[in-house]
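Given the coordinates of chain F, work out where chain Z should sit on it, guided by the hints.
As given, the protein sequences belong to chains F and Z, one line each in that order. FYI, the numbering used here numbers position 251 of the first sequence as 1517, with every residue one higher than the one before it. FYI, the numbering used here numbers position 825 of the second sequence as 961, with every residue one higher than the one before it.
With a cut-off of at most 25 angstroms between alpha-carbon atoms, the simulated DSS-like pairs for lysine-lysine come out as follows:
(1) Z/K186 with F/K1367
(2) F/K1395 with Z/K228
(3) F/K1399 with Z/K193
(4) F/K1504 with Z/K337
(5) F/K1504 with Z/K1010
(6) Z/K210 with F/K1367
If you want a taste of the chain Z side facing chain F, the calculated C-beta under 10 angstroms gives, among others:
(7) A209
(8) K210
(9) G211
(10) V238
(11) S279
(12) R281
(13) P313
(14) S344
(15) M347
(16) D373
(17) S440
(18) R441
These stretches of chain Z come out as covered by chain F in the derived footprint (C-beta under 8 angstroms, 3 or more residues):
(19) 192-206
(20) 302-310
These are computed hints drawn from the structure, not numbers from a lab. Glycine included, each C-beta is placed from N, C-alpha and C at the ideal position.
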Amino acid sequence: MIHSLFIINSQGDVFLEKHWRSPVSRSVCDYYLEAQRASGNDINPVIATPHHYLISIQRGGVSFVAVCMEEIPPLFVIEFLHRIVDTFQDYFSDCTESIIKENYVVVYELLDEMLDNGFPLATESNILKELIKPPNILRTIANTVTGKTNVSDILPTGQLSNIPWRRSGVKYTNNEAYFDVIEEVDAIIDKSGATVFAEIQGYIDCCIKLSGMPDLTLSFINPRLFDDVSFHPCVRFKRWEAERLLSFIPPDGNFRLISYHISSQSVVAIPIYVRHNLSIKTGEQARLDLTVGPKQTLGRTVEGVKLEVLMPKCILNCVLTANQGKYNFDPVSKILHWDIGRIDVTKLPNIRGSVSIASGSNTAEINPSINVHFTISQLAVSGLKVNRLDMYGEKYKPFKGVKYITKAGRFQIRM
Amino acid sequence: MLTSSSHTMSNNNSYSNDRGSSFEAEYAVDPASGGFFIPILKSKRHDDLKEMLDSNKDSLKLEAMKRIIGMVAKGRDASVLFPAVVKNVVSKNIEVKKLVYVYLERYAEEQQDLALLSISTFQRALKEPNQLIRAGALRVLSSIRVKMISPIVMLAIRDASSDMSPYVRKTAAHAIPKLYSLDPELKSQLVTIIQKLLADKTVLVIGSAVMAFTEVCPERVDLIHQVYRKLCALLVDVDEWGQVTIVNMLTRYARSQFINPNLREEESDRDFYDSSSDASDKPTTSLDPDHRLLLRSSRPLLQSRNAAVVMSVAQLYHHAAPKTESLLAAKALVRLLRSHFELEVLTNLTTDSNVSTILRELQTYISNSDKHFVAATIQAIGRCACSISEVTDSCLNGLVSLLSNRDEAVVAESVVVIKRLLQTQAADPKEIITHMARLLDSITVAQARAAILWLLGEHSQKVPRIAPDVLRKMAKTFSDESDIVKLQVMNLAIKLYITNPEQTSLLCQYIFNLARYDQNYDIRDKARLLKQFVPNQGGKIKSQAARMFLANKPAPLLQSHFKDHEDLQLGSLSHYIKQRAAGYVPLPLFPEIPPSGEVRNVEPVVTEDSKSYKNSDKMGNSMLFWGSEPSSPGNSSSASSSSGESSSESSSASEEESSEEESSEEEEESEKAKKSESPYEVSTSDDETVFKKASKERKLKEEKSENSAETKVNDKKTNLDLLLDLCDINNEAPVMTPSLGGFFTPTTAVVAPLTMQLVQPIFVNTKPMELLNRINGRGLSATYRFTRSPHLYSPSMTNINIMFVNNTNEDINDIRLGKKNLAVGMTLHDFACISKLPPNCSLPATLGIDFNDTTQPANFEIVSSLGNFNVCIKPKVGELLRPVKIFNDLFLEKQASLRGMNRAFYCLNAVHS
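Isolated chain F (complex conformation):
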């Protein structure tokens, strides 16, 4: 079980500690800091010290180090730490050092509620919000004037219902339910332009502001696409198994309803291509020519295109001209960034110029790879479509909206 939690800033100062059992000296963090010095950001999530085990995550420039004394599934702790950060983000809209310091009382109260004796007690943000009201500007001002606080005077009585993720008595004047279908394309394209591997990682994020206890049913036109899904606990698994539709009583506010995976078995449309040419002329000079174009986008424009070319160590500099967007080459990390933006089909973005190579290097080993970023709105690249959303249990008519976005996940093109 989790004994203690230390929150450490980027300078290596422990600026918050919380103990759920007998206090552990903060000197255990030295092991962590040492490991951080040794391996930089890529730090081992589990560090074994003579008496303790340190399990840590890094988010928002802040390290959360949990101290355990006994056997415990490490993922359990890691997931829990992430949940803590998620809760902070939910409460304070972000989770940075200054925000935690500013709200230390709420943070401390939250930590106290979330874990009891090192075992999670209440982690659903809806319950927590009943116990501890999140701060907002208006209330902060009011509190300063009146001397009141964020803790509700009257503790909720019946909130601990059968549905732990939803609080009772939610009321909205405008009842809205928004669904964002976000798909990320992970792909590796080899030299010749053939797809080595491609799959889609999708999420449905919801923003639900509905009064009362709505019971929603979301159905898809083509649910057979899903290869592997994971659900928010609110989704009724049996109905998914039987009818392939999502039936759930939603939590209030923003949450991720499901994340899914569409594997390479079904053919994944690659919405973008990069024509590349790197010809080595002499020993120390080469010509680089890149052209980006859309492919299989069903008429949608590709936006936010960024290319990141990872050059090998022997490349000294690049002198290029781009017909669109800006580029820069970082000679230290050897990364060429090219920020293109929107792709205009009539005039495809192109960048060309010369590349200087360190003399005497092995030219055969120059095989840079390109990481591509892009977004396409109003398109789910898998072809997934929401059929309809029905609401039961409440009488009003909600406003419903579905948005589709396709993004590049880990999209790599090898040259």
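Then chain Z, alone, in the frame of chain F:
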């Protein structure tokens, strides 16, 4: 109050203000704190805080507490303030109270005497009507690590464990390990509370109860037996953290209670595949149904968003599922990878189907510029080649082609891998070895050189001309080689000497002489050892040399480095850090003989039977009997034939039982008589008879409960089959079978009693339905029927007659209603408590339920001296209607006003009374 306003203003900055040395400065400007004393007396430092805490303004107190918590949060010592803070535990302001609680949790251990002052407040808070205050008080009370108060905490936990609110019970479960670590002597008392909490039906509580179980008494497997099926059934609904704990615990349980599924697979291959292919509802033959239940109920959890849950289920499948099914978990694990955290996984997941893809992927990695990565890739290829025999050749070819790679590290790594591959493969290595021997001139990486030399030594007969030459070259450079190479050179030398003494004896001597004066003692040692085999150096044991050095070497297994730790539980901390973490308990091995599954039946069958499984002696015998069955084929054939017989027998028996309610004792007797006549029994001893009977009894029970499932009146959590049945039909629309509808007039569906004339029902069902069967009720059985009349208490309630029958040999006292779990809008009026029910007697009771015009079941508990039993009454829609007399016009009018609503058509047979 000037100070107060200044503090309130600095409210939000207090945390950042008092960093480091600015602490004193802040107080110095504070007029109330008496700035003069600060440098003189350190303890005076917090005077202003004390003053604020002592004031009678809540806002001041709160501000002070906030600053104190700020100090606590930063790990600064705030224990000086303890007396001032502890006073405020009585504060009415909830926020102040909360912060005081937080403070107390932190410092109570250090200031034990003062902490005792606060105890009475907590005791009072434990009786608050608000569940959250009760829970909070218990939480803090149990967090105060002062041994003196352990009896008080014990009492508080005991009270809380039977609290109305599940939240408070959850907190009680959390408090148990705390108290246990404070005072281990209380264990036995705590275990009884754990047992009670494990039996809790609320999903909120169970996770924490299991957590308490694993913390306090993981060895008490017997506590799990009774709740095992319930845990499986509720698993999906428990919160994520609870799921992790429960699945981990159940993995252990499965490992100790069920036999190894993979062992069975080998024994009865066909059976297994048959059962796994249609695992949905057919009873599986090879896997214990309870084992199957666990696997099935945990499967949905692979779909959880929480990685820890997925991991725990994956390890369950890894450790306790048949091999073919653990693949299920693989897919989910791949998903985890993407979400949080390459090569290791790729190769560990390789199967025949995907190997070509992976190999192609690996090939592209080889051209990567990171040499370490390439090396790892090559090893991964080696592992692939090893585990999947079809691709070995192509792998080998690929690796050999890598030998001509320009990069030395790549070549070296390939050599090492090839060496291992060759060892495992019977393929003709001659060409490869020749190629490699040539490489020896160019390779400088010691490991690769050593590997080549070793290979040469092993296969020296196949390359008789090359090997001595290589040895000659090595002898030349011997002194410059690294230690590992030197050792291999010596190995090669001695092997060659044995096979080919004419050409190599001199070389051999030369090398040993060099080695004798080496700096490394290992090499000197080895030289001394090997010299004993060389006769002209004074060696004495030549005769055995050939056998020692040219023995067939067992092929090493190419394994990923996690393999060494596979005895550790997958996904555990120990597995990750590759050593045993404190508190790690290794998974038990599968028992060769499974303990009887009887214990998991929630209901003890008959008194005689329950004795048989409590008695360990008989138990042992029965297990022996079970275990010996598959091993002796002759016996088993007779057993199977007789079991077929007995099953038909038992089914007939069950028919008997369901049709006519015979008393159990009589039936027992008759069965026993029947069995003792069967030929099978002749060869077995008395104890086995008992066992046989037990197993038969179980069959009986199952069948019986299946029957009752059909009538859909039974406890949900009593029997596996029943449970599965219910799971399947769960979530479906309420059953409105028209089958009974024929008896009623559908026109009366219009309930408008004011204008209609109520009449007596024409037909009243006299056949009772089962509410609690005597097995589930440990001898107490109950039946119910609808009288089709309103209850006396309220006209909206329907009257239900319940008949209690005592089938035991003792009095049953205090039969009354316990907890009710009704849907919203439903109400229930209790029946009068039955104070005493003598054996073999029956007593009626009348219950009133307002079903609120739904067919939702009414769940409630029947409490008696035998224990608590959950029962459920599910009304047919017809039972909720009230017979009325209505005239045609009025009927039409009523009907018209109901347009647009659901209509039900029934064909009526005219019923005349």
